[in-house]
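Enquirer: So the chains spell out like this:
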Amino acid sequence: MGTQATYQIGQTIYALLKERGLTQQSLAENLGISKQVMNKIINGKKVMNVNELAQIAQVLRISTDALLVDLVSPPTSNTPVFAFKGVAVSDEDNEMLEVLRTIIGEIRLLEGLLDE
Amino acid sequence: MSDRIPKGKLSAYDVQEIQDRVREKLGSSQKFGQIIGTQVFTILRQYARVLYYPLGSEAPWAFVQINGDAGSKPFVVLNTSRPVDEQVFGAACELYHIWFDLRGDIVASTDGDQDVLYDEATLRSESLANRFAAELLVEELTLRREMGTLLIKAKHIDVQAVLLLSSIFCVPYRTMTRRLLEIDVLSPKRFNELDALTPDELARLRTRYGIDHPKGDEQVSLDNLVDLSLSTYEQDRITFEKLEYLLSLNKIEAEDVGISKPKKSRMPSDEELDQLMEES
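Same order as they appear, the protein sequences are chains A and B. First residue of the first sequence: 411, per our numbering; consecutive thereafter. First residue of the second sequence: 26, per our numbering; consecutive thereafter.
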């Protein structure tokens, strides 16, 4: 069962993957875990042990501290999150979420451009 | 309701609090005594940026993207592949989350193991949102008034009457049966009988009785994305290709909004190049 802390770590990993142009699949392969387990980590549904955290930090070439940094910040992160009416259970659902994240991201980007 | 919606028990105090909140919201929006139905979309728009998008008939009914920014409106996505009554119910649930429950839940997994997807707090939150939506959309006095108008007697209520009431209030059939149970119009035994009907049986009965049940229209409407895209293009902040891409998200083409492809594409600006580099 995940917690707010595992969720935040998952989001940090997700952001770092995006930043580095890496996929969840590639990180999963590097860690020797399945895509499903990787997905649970990203979505904060899996509690990781210290070794797993260290491995992820190594693959992402950051310190373990960097993975945990948001945990000591007050919960006012601007990271948007989704809450569902229903449950996303399939790969298609998750792909659909990516499309929606993209759309929302583009809207925010355009607003930023117009505000400049 | 959908089998993808978790169930959870609420206390009498929870229900009382929800009813107070519904009364407060109906009063402040001057909707008391009215059938809310699709008006919920207009209400939702006042508090959220609404994206209508066809996500498929098996996907969630609706969801909200909550931002950490205080004061900024959250994004709510409504799945236009689902029947209209489910979109209405989904919208009402999201209103609950926006008004009373702005906490960052995320539920996404690929393993299909629904039992592990919800922690206790999320389950409770969804139960509260479901009850709030049901009370908002099918307020007791309004429901009893409609039953009186239609000469529907509690003792003789049948599936045709429930289907008709569901259609009038624009809520899913199972929301209406549960609501009738909650206000003691249905006995638990009668509720179980009516609740046991399958979606196929309900569809056949709707056809038989000539009761309307609007399907999802697969509409795509993405808040102000089109306007923003055109404004930034008109200010030369994005290329025609980028405009085409943005409009494609809304399932339209540049020609649909009166824009033709320029004869010679201009070079992207430094900002756009930086952005492209970041995205790649």
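The hints are simulated quantities; they were obtained by calculation from the structure and are not laboratory data. A quick note: this is a predicted structure, and the numbers were derived from the prediction, not measured. Hints may contain errors.
[To be verified] Here are a few chain B residues that face chain A, going by a calculated C-beta distance under 10 Å: (1) Phe100; (2) Ser152; (3) Ile263; (4) Thr264; (5) Phe265; (6) Tyr270; (7) Ile277; (8) Ala279; (9) Gly283; (10) Ser285; (11) Leu301.
[As the list claims (entries may be wrong)] Straight-line alpha carbon distances no greater than 35 Å define the calculated DSBU-like cross-link-like pairs of lysine-lysine that follow: (12) B:Lys214 <-> B:Lys98; (13) B:Lys178 <-> B:Lys276; (14) B:Lys34 <-> B:Lys180; (15) B:Lys34 <-> A:Lys456; (16) B:Lys214 <-> B:Lys178; (17) A:Lys445 <-> B:Lys98; (18) A:Lys428 <-> B:Lys34; (19) B:Lys50 <-> B:Lys34; (20) A:Lys445 <-> B:Lys267; (21) B:Lys240 <-> B:Lys56; (22) B:Lys98 <-> B:Lys56; (23) B:Lys178 <-> B:Lys267; (24) B:Lys98 <-> B:Lys180; (25) A:Lys428 <-> A:Lys456; (26) B:Lys180 <-> B:Lys214; (27) A:Lys456 <-> B:Lys178; (28) B:Lys214 <-> B:Lys240; (29) B:Lys267 <-> A:Lys428; (30) B:Lys34 <-> B:Lys56; (31) A:Lys445 <-> B:Lys276; (32) B:Lys178 <-> B:Lys34; (33) B:Lys50 <-> A:Lys428; (34) B:Lys178 <-> B:Lys98; (35) B:Lys276 <-> B:Lys180; (36) A:Lys428 <-> A:Lys445; (37) B:Lys267 <-> B:Lys180; (38) A:Lys428 <-> B:Lys214.
Beta carbons are placed, not taken as given, at the ideal position from N, Cα and C, and that holds for glycine.
Enquirer: Against each hint, give a clear statement of whether it holds in the structure.
Expert: Evaluation of the provided hints:
no., hint, result
1, Phe100, "holds (5 Å)"
2, Ser152, "violated (12 Å)"
3, Ile263, "holds (7 Å)"
4, Thr264, "violated (12 Å)"
5, Phe265, "violated (15 Å)"
6, Tyr270, "holds (9 Å)"
7, Ile277, "violated (13 Å)"
8, Ala279, "violated (16 Å)"
9, Gly283, "violated (19 Å)"
10, Ser285, "violated (21 Å)"
11, Leu301, "violated (12 Å)"
12, B:Lys214 <-> B:Lys98, "violated (44 Å)"
13, B:Lys178 <-> B:Lys276, "violated (48 Å)"
14, B:Lys34 <-> B:Lys180, "holds (27 Å)"
15, B:Lys34 <-> A:Lys456, "holds (26 Å)"
16, B:Lys214 <-> B:Lys178, "holds (17 Å)"
17, A:Lys445 <-> B:Lys98, "holds (33 Å)"
18, A:Lys428 <-> B:Lys34, "violated (40 Å)"
19, B:Lys50 <-> B:Lys34, "holds (23 Å)"
20, A:Lys445 <-> B:Lys267, "holds (32 Å)"
21, B:Lys240 <-> B:Lys56, "holds (26 Å)"
22, B:Lys98 <-> B:Lys56, "holds (22 Å)"
23, B:Lys178 <-> B:Lys267, "violated (60 Å)"
24, B:Lys98 <-> B:Lys180, "violated (46 Å)"
25, A:Lys428 <-> A:Lys456, "holds (20 Å)"
26, B:Lys180 <-> B:Lys214, "holds (13 Å)"
27, A:Lys456 <-> B:Lys178, "violated (52 Å)"
28, B:Lys214 <-> B:Lys240, "holds (30 Å)"
29, B:Lys267 <-> A:Lys428, "holds (20 Å)"
30, B:Lys34 <-> B:Lys56, "holds (28 Å)"
31, A:Lys445 <-> B:Lys276, "holds (31 Å)"
32, B:Lys178 <-> B:Lys34, "holds (29 Å)"
33, B:Lys50 <-> A:Lys428, "violated (41 Å)"
34, B:Lys178 <-> B:Lys98, "violated (44 Å)"
35, B:Lys276 <-> B:Lys180, "violated (50 Å)"
36, A:Lys428 <-> A:Lys445, "holds (16 Å)"
37, B:Lys267 <-> B:Lys180, "violated (62 Å)"
38, A:Lys428 <-> B:Lys214, "violated (54 Å)"
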